[in-house]
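Participant: If you want the building blocks of each chain, they are given just below.
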Amino acid sequence: GQSLEQPSEVTAVEGAIVQINCTYQTSGFYGLSWYQQHDGGAPTFLSYNALDGLEETGRFSSFLSRSDSYGYLLLQELQMKDSASYFCAVRDGFGNEKLTFGTGTRLTIIP
Amino acid sequence: NAGVTQTPKFRVLKTGQSMTLLCAQDMNHEYMYWYRQDPGMGLRLIHYSVGEGTTAKGEVPDGYNVSRLKKQNFLLGLESAAPSQTSVYFCASSTLAGRTDTQYFGPGTRLTVL
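Respectively, the protein sequence lines represent chains A and B. Counted from 1, the first sequence has number 109 at position 109 by the numbering used here; the numbering is strictly sequential. Counted from 1, the second sequence has number 10 at position 10 by the numbering used here; the numbering is strictly sequential.
Careful, some of the hints might be misleading.
[Stated by the list, open to error] Far from chain B by the CB rule (all over 12 Å, computed), these chain A residues:
| hint | residue |
| --- | --- |
| 1 | I17 |
| 2 | V18 |
| 3 | N21 |
| 4 | D52 |
| 5 | L54 |
| 6 | R66 |
| 7 | D68 |
| 8 | L74 |
| 9 | Q79 |
| 10 | T108 |
| 11 | I109 |
| 12 | I110 |
[To be verified] Straight-line alpha carbon distances no greater than 25 Å define the calculated BS3-like cross-link-like pairs of lysine-lysine that follow:
| hint | chain 1 | residue 1 | chain 2 | residue 2 |
| --- | --- | --- | --- | --- |
| 13 | B | K70 | A | K98 |
| 14 | B | K57 | B | K70 |
| 15 | B | K57 | B | K71 |
| 16 | A | K98 | B | K71 |
| 17 | B | K57 | A | K98 |
| 18 | B | K70 | B | K9 |
Hints were generated in silico from the structure; no laboratory data involved. In this text, a Cβ means the ideal position worked out from N, Cα and C, and glycines have one as well.
The following block holds chain B by itself, in its conformation from the complex (with noise of 0.2 Å):
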């Protein structure tokens, strides 16, 4: 079992530039969710889904899309990266099995925005 795995690990981009950030989990999870974690700012929710093919926006949503065509997966989107976007952006998965409000997290992507 992987977990949660997101690629890439690190990347760099420019003003304007876009980019899709991948999120998969080998856990049969119903729900993900993309967060993103600044200094000092704790965990964001961004947005999230609690099926195949369904998406919600959470917290920060602005800038960001996302989809979920496959159960396993789970996409985020930067259209036209700016600054602001500069964190570590962290998936996760649970499940409604057992109430425990566990959530697994991937290892993270750290995101430049020069």
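Extracted from the complex, chain A is given alone in its bound form (with noise of 0.2 Å):
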């Protein structure tokens, strides 16, 4: 089976920088993808990395490392809108469609 772990709460200061670890245990892999979810709405698609590395979107930032089945998410500039759950989610085989997805990280962002 799959599992991820992230940590459930964490709390920063509107322009600052935060970063959301993930680390994941799946019998294969085929990329980790982020997602954002407002309370009350649903989930937003954020990032994806397949291979080992930074990619970058505007002021988010997510970083892969496959060897050590680990990837984050970086959010920077902070924002009060930024304050959200944030899921990671892994696919665990070509062709395989499914994700399997964290529980999630609630990101409050404090003046």
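Combine the two chains into a complex, taking the hints into account.
Facilitator: Next comes the structure, spelled out in structure tokens:
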């Protein structure tokens, strides 16, 4: 089976940088993705890594180390609207379109 | 483009009642999914479909049935609702193109079973 671990809660200051970690244990691995969900809303896709390294999309970056079964989401220049839950998700097989989601990290931004 | 839509948005059932949740997508996506989300549990896959006429079980399929008679629609049925099925249900869709593991989610259905 698959399991993902991420911190349940993180608090950060507006304007600062925060990193949300995700470690995974899967029988196979074909990609790590990140989703954002505001309270009462639907998850929305943020980022995807299939290969080792850093992917940057505006203020958000995502990193993957397949040898360490580890990835992180980096949010820069934090804004109050970044307060949300963030989920990492893995796909464990080519042609397997299922994602397994972590339990989510609730990020709170304080002024 | 409406994306992924779900009906209804809210529903209250009594134990033992049945209902069907409807998901529709207008992006011509091959894959569709039903998840449930409970506090502290993240998103758990109930059933999914890789194409019209095909369905498969996910992580928590018991008590649910699904059908995908048309490519754009994916129905989730509860034959005899139980309080343990109180949850927020999300439908999602994705496509083979791009292979970026992007799933597009509907707005969710909040279901309460009394």
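Participant: Could you run down the list of hints and mark each one as holding or not?
Facilitator: Hint by hint, here is what the structure shows:
1. I17: 25 Å, holds
2. V18: Per Cβ check, V18 of chain A is outside 12 Å of chain B; nearest 20 Å; holds.
3. N21: 15 Å, holds
4. D52: Non-interface label stands for D52 of chain A: nearest chain B Cβ at 16 Å, farther than 12 Å.
5. L54: 16 Å, holds
6. R66: 15 Å, holds
7. D68: At roughly 20 Å from the nearest Cβ of chain B, D68 of chain A sits farther out than 12 Å, so the non-interface label holds.
8. L74: 18 Å, holds
9. Q79: Check passes; 22 Å lies beyond 12 Å.
10. T108: 16 Å, holds
11. I109: 21 Å, holds
12. I110: Per Cβ check, I110 of chain A is outside 12 Å of chain B; nearest 22 Å; holds.
13. B:K70 / A:K98: Given that 25 Å is the threshold and the Cα spacing comes to 20 Å, the pair holds.
14. B:K57 / B:K70: 18 Å, holds
15. B:K57 / B:K71: 18 Å, holds
16. A:K98 / B:K71: Given pair K98 of chain A, K71 of chain B holds - Cα atoms ~18 Å apart, limit 25 Å.
17. B:K57 / A:K98: 10 Å, holds
18. B:K70 / B:K9: The given pair, whose Cα atoms are some 22 Å apart, holds under the 25 Å limit.
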